[in-house]
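Q: Chains R and F, in that order, give the protein sequences.
In terms of our numbering, the first sequence opens at residue 1 and continues consecutively.
In terms of our numbering, the second sequence opens at residue 1 and continues consecutively.
Treat the hints loosely; a few may be bogus.
To be verified - For lysine to aspartate or glutamate, the following EDC-like pairs were computed, each having C-alpha atoms within a straight-line distance of at most 20 Å:
1. R:Lys131 with F:Asp61
2. R:Lys131 with F:Glu178
3. R:Lys131 with R:Glu92
4. R:Lys131 with F:Glu95
Stated by the list, open to error - Going by beta-carbon spacing under 8 Å, a handful of chain F positions derived as facing chain R:
5. Pro8
6. Arg26
7. Leu28
8. Asp100
9. Pro106
10. Thr110
What the hints assert, rightly or not - Each pair of labels, with its calculated beta carbon distance range:
11. R:Tyr11 with F:Val250: 27 to 35 Å
12. F:Glu178 with R:Arg106: 38 to 46 Å
13. R:Thr123 with F:Arg33: 16 to 24 Å
14. R:Thr57 with F:Val249: 32 to 40 Å
15. R:Arg249 with F:Thr7: 13 to 21 Å
16. R:Arg268 with F:Leu28: 46 to 54 Å
17. F:Phe185 with R:His207: 23 to 31 Å
18. R:Thr57 with F:Val17: 49 to 57 Å
19. F:Arg33 with R:Arg106: 20 to 28 Å
Keep in mind the hints are simulated off the structure, nothing from the lab.
Idealized CB from N, CA, C, for every residue including glycine.
Below, each chain spelled out in residue letters.
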Amino acid sequence: MITIRGLRKAYGGHAVLDGVDLDVARGEVVALLGPNGAGKTTTVRILSTLLPPDAGTVTVARHDVVRDPAGVRAAISLTGQFAAVDSLLTGEENLRLMARLAHLSRAETRTRPAALLELFDLTDAARRPVKTYSGGMRRRLDLAASLLSRPQVLVLDEPTTGLDPRSRNALWEVIEDAVAAGTTVLLTTQYLEEADRLADRVVVVDHGRVIASGTAEQLKAQVGAAHVELTTATGVERVETDGSVPDVRRILADVERRGLVVDRWQVRTPTLDDVFLTLTGQPAPQERTLQETR
Amino acid sequence: MTTLDLTPRIEAPRGGVSDTLALVGRCLRRSTRQLDTLLLAVMLPVMLLLMFVYVFGGALDAGMDYVDFVVPGIILLTAGYGAATTAVDVATDVEGGLMDRFRSMPIRATGVVTGHVVASMARNAVSTALVIGVGLLIGFSAHASALEWLGAIGLIALYVAAMTWIAVAIGIVASGPEAASGFSFAILFIPYVSSAFVPVDTMPSVLGAIAAWNPVTPVADTLRALLLGTSVDGSTVAAALAWCVGLLVVTRIASGLLFRRRR
């Protein structure tokens with residue numbers, strides 16, 4: 001559904017994308033995971049016809065982003081990093097406008113906005129101007145606008161950044177419904193949990209290149225086995241384990257024999273965080289403040 | 001819960017004129033939601049008119065009743081205020097990501113901007129009518145024939161359109177709504193150094209030279225002659241039309257290019 005080959009983009013001599021290759025099959029959910037400045041958003045913007053590539057080819061639903069941008073636009077829906085809705089209009093008016101612009105049938109233009117408002121728990125706020133909405137409500141309206149057109153490919157650039165856990169879960173459920181109905185999804189995220197939960201495949205990007213790709217489980221397996229983590233006054237010691245009770249008991253007995261004073265200990269299985277750290281050499285991004293995001 | 005069809009559409013139909021109509025409707029609706037901005041855009045020119053006529057007017061010798069001299073100038077100033085709103089609206093769309101959403105949809109690229117321009121024309125029609133109405137009430141002696149009124153309205157529309165397209169370009173280029181507002185504020189000053197408020201020959205020589213070349217001068221002179229039913233040089237009319245049409249064409253093309261430029 002999406003094919004990216006040798007994609008390059010540079011700004012003022014600085015390569016943001018340095019030969020990205022990516023395939024997303026029909027109905028697949030792929031998460032682009034990477035630190036800030038890795039090139040995730042640039043990839044999304046090129047894919048959405050907002051930015052021309054310097055080199056390489058990108059096709060979406062068999063339409064080339066350079067030669068046939070109109071064809072690409074007819075197949076996709078973009079949810080960018082900012083809630084792209086009109087603050088002065090009501091939620092209902094926003095969706096009606098988007099329904100008309102998405103060229104839905106007359107019947108769908110009438111019924112779909114209300115159904116989506118209900119789905120996103122915005123029915124009570126439907127007739128209020130969007131400027132009175134909370135950040136979470138704006139984000140939900142934004143995604144509702146993206147789902148109005150029943151896109152073949154849903155492109156989500158950090159869809160749940162700044163959302164509370166409840167809204168995030170609700171959003172994930174709707175995305176999963178759209179996927180179950182056959183929608184292809186490419187999302188970028190700074191939340192490893194999000195990639196773990198939604199994506200069939202996680203693609204790790206760093207410095208404009210794809211450095212790893214696979215299911216969350218495959219990536220975790222690359223990082224290695226589970227280990228016992230011992231925090232002492234002088235540092236953290238990691239001892240590999242198979243995670244069984246006898247093995248953990250053996251490790252702890254060994255600690256006692258060495259006379260090591262351990263403040264805390266835990267058994268850790270690799271998380272996507274560890275994958276991130278191992279692959280990119282830096283810790284997973286923490287939640288950024290709004291200021292930094294801009 | 002209502003059952004909602006999320007099955008992908010194979011191909012969405014392409015857009016046309018209906019896209020632009022929907023986007024015009026959006027911007028007209030926006031105008032009615034910004035009552036404070038709307039009121040300011042409408043009331044400010046009227047206040048300026050009253051101030052120029054009653055505060056400054058007594059001390060100014062324009063060679064005719066000052067109210068007759070200044071009403072056409074205020075009309076042109078009004079267009080600037082109307083356009084400033086457009087610059088801010090366009091910049092808000094760009095900053096908020098709405099422009100990106102529109103640009104990633106299968107719609108006419110120019111429709112988004114056309115929506116803002118049509119809304120600006122509509123707002124200006126209201127505020128210009130108010131300025132002329134108040135002007136007539138305080139003694140503006142319009143002796144224009146029906147044909148001259150038509151000509152005046154046509155010229156005002158052309159000037160408003162040119163100002164609005166400049167505002168659109170500013171809105172696209174500006175780094176945000178505040179910057180757009182600042183830029184358009186600068187544009188508001190252009191009519192002051194022209195024949196809109198005082199005759200050019202009363203200015204110091206340097207300013208007078210600038211004013212003589214200011215595009216607003218031939219437009220103001222032509223508009224004044226049309227509304228008062230007096231005569232005006234053919235060359236002045238030609239200069240007014242050339243400036244308006246020229247600016248309109250250049251800013252329209254520039255806005256189109258800027259809008260499609262992909263960042």
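Q: Going through the numbered hints above, which ones does this structure break? Give me the numbers in ascending order.
A: Hints 1, 7, 10, 15, 16, 17 and 18 contradicted; others consistent.
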